[in-house]
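In the numbering used here, the protein residues as written are 11 to 228.
You may find that some hints are simply not true.
Computed cross-link-like contacts, DMTMM-like style, restricted to lysine to aspartate or glutamate with a CA-CA straight-line distance of at most 20 Å [claimed, not checked]:
(1) K132 with E79
(2) K73 with E85
(3) K129 with D173
(4) K129 with D110
(5) K132 with D114
(6) K93 with E79
(7) K91 with D103
(8) K129 with D114
Taking CB as the label site, the calculated pair distances span [claimed, not checked]:
(9) A194 with A145: 41 to 49 Å
(10) S89 with T190: 40 to 48 Å
(11) D204 with A157: 34 to 42 Å
(12) D164 with P112: 16 to 24 Å
(13) D204 with G63: 42 to 50 Å
(14) P67 with V202: 31 to 39 Å
(15) V202 with A167: 16 to 24 Å
(16) S188 with R76: 38 to 46 Å
(17) P61 with A200: 22 to 30 Å
Just so you know, the hints here were simulated from the structure itself, not pulled from any lab data.
Ideal Cβ positions, reconstructed from N, Cα and C, are used throughout, including at glycine.
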Amino acid sequence: MQKPLNRRTLLRGASTAIALPFLEAMLPTSRIARAGSPAKAPLRTAFLAVPNGVHMPSWKPTKVGRRFELPATLEPLASVKDKLCVLSGLTLDGARAHGDGPGDHARSAAAFLTGAHPKKTKGADIYNGVSIDQAIAQNIGSKTRFASLELGLDGSAQAGGCDSGYSCAYVSNLAWRSPTSPMACEVNPANVFDRLFAASETQAGTSFAAKSRRKSVL
Numbered sequence: 011m012q013k014p015l016n017r018r019t020l021l022r023g024a025s026t027a028i029a030l031p032f033l034e035a036m037l038p039t040s041r042i043a044r045a046g047s048p049a050k051a052p053l054r055t056a057f058l059a060v061p062n063g064v065h066m067p068s069w070k071p072t073k074v075g076r077r078f079e080l081p082a083t084l085e086p087l088a089s090v091k092d093k094l095c096v097l098s099g100l101t102l103d104g105a106r107a108h109g110d111g112p113g114d115h116a117r118s119a120a121a122f123l124t125g126a127h128p129k130k131t132k133g134a135d136i137y138n139g140v141s142i143d144q145a146i147a148q149n150i151g152s153k154t155r156f157a158s159l160e161l162g163l164d165g166s167a168q169a170g171g172c173d174s175g176y177s178c179a180y181v182s183n184l185a186w187r188s189p190t191s192p193m194a195c196e197v198n199p200a201n202v203f204d205r206l207f208a209a210s211e212t213q214a215g216t217s218f219a220a221k222s223r224r225k226s227v228l
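I would like the entire structure built from these sequences, with the hints used as guidance.
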């Protein structure tokens, strides 16, 4: 049977709930019983885009090798420094013009996770490449409740021209399931919460009723 996710359970796991879409607390009781012992956490990968860039002196370590010192921006990662690898000097060739003229913003976004050079068009005949996040999801995504999550802050247009003859699809999407199938990101936190934690239609209905009464979902 489906194990309900009550308020106490959610609060007890609040420190990890948002970071992990798949929680043991959300598993049906029967599946936990069959497991016999705590399951190993599934392997996860995250890609974060910083479109306006970073302050390089505060980001890039001044020394190479294992004994590098963390710059100010990376100091919060001190506890996992021994597992951290900071790469620099890389070139994203797919984002270069290659004779296509202006449109650096669209090309950079399109090539960020695909490494591909997108076809210059503002019509429906878009063509890019498969993004690395989706390639990974196709291999390990079956081990989690959701194969992948696409989250963002900007709900931009998906069609029409957005940058010097390039489709808005290139500017608005970083994840691509196939060269012609971009995956739009969710920008509404409430929708993300409901998708992750609404364990059943009944609970989803209860959540909606609570929102209607302007009460906290917690």
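Hint-by-hint comparison with the structure:
At most 20 Å may separate the alpha-carbon atoms for a hinted pair to count; K132 and E79 exceed this at roughly 45 Å. Our distance criterion of 20 Å between C-alpha atoms is met by K73 and E85, whose separation comes to about 15 Å. Distance check on the hinted pair: K129 and D173 sit about 13 Å apart at the alpha-carbon level, within 20 Å; holds. As the CA atoms of K129 and D110 are separated by approximately 9 Å, the hinted pair is consistent with the 20 Å bound.
Of the pairs offered as hints, the one joining K132 and D114 holds, with about 14 Å between alpha carbons and a cut-off of 20 Å not exceeded. A C-alpha spacing of about 13 Å is found between K93 and E79, which places the hinted pair at or below 20 Å, so the restraint holds. The hinted pair formed by K91 and D103 fails the criterion: a straight-line CA distance of about 29 Å is larger than 20 Å. For the proposed pair K129 and D114, the alpha carbon gap of about 13 Å is at most 20 Å, so the pair holds.
The hinted window of 41 to 49 Å between A194 and A145 is violated, with their beta carbons roughly 18 Å apart. Between S89 and T190 the beta carbon distance is about 42 Å. The supplied range of 40 to 48 Å therefore holds. A hinted range of 34 to 42 Å is violated for the C-beta pair D204 and A157, which are about 18 Å apart. At about 21 Å, the CB distance of D164 to P112 agrees with the hint of 16 to 24 Å.
Restraint check, D204 to G63: a C-beta distance of roughly 33 Å breaks the suggested window 42 to 50 Å. As the Cβ distance of P67 to V202 is approximately 34 Å, the hint placing it in 31 to 39 Å holds. Taking 16 to 24 Å as the suggested C-beta distance range, the pair V202 and A167 conforms, at roughly 21 Å. A C-beta distance of roughly 39 Å is found between S188 and R76, which places it inside the suggested range of 38 to 46 Å.
With their beta carbons about 24 Å apart, P61 and A200 fall inside the hinted range of 22 to 30 Å.
Violation of the numbered hints given earlier is confined to hints 1, 7, 9, 11, 13; the remaining hints are satisfied by the structure.
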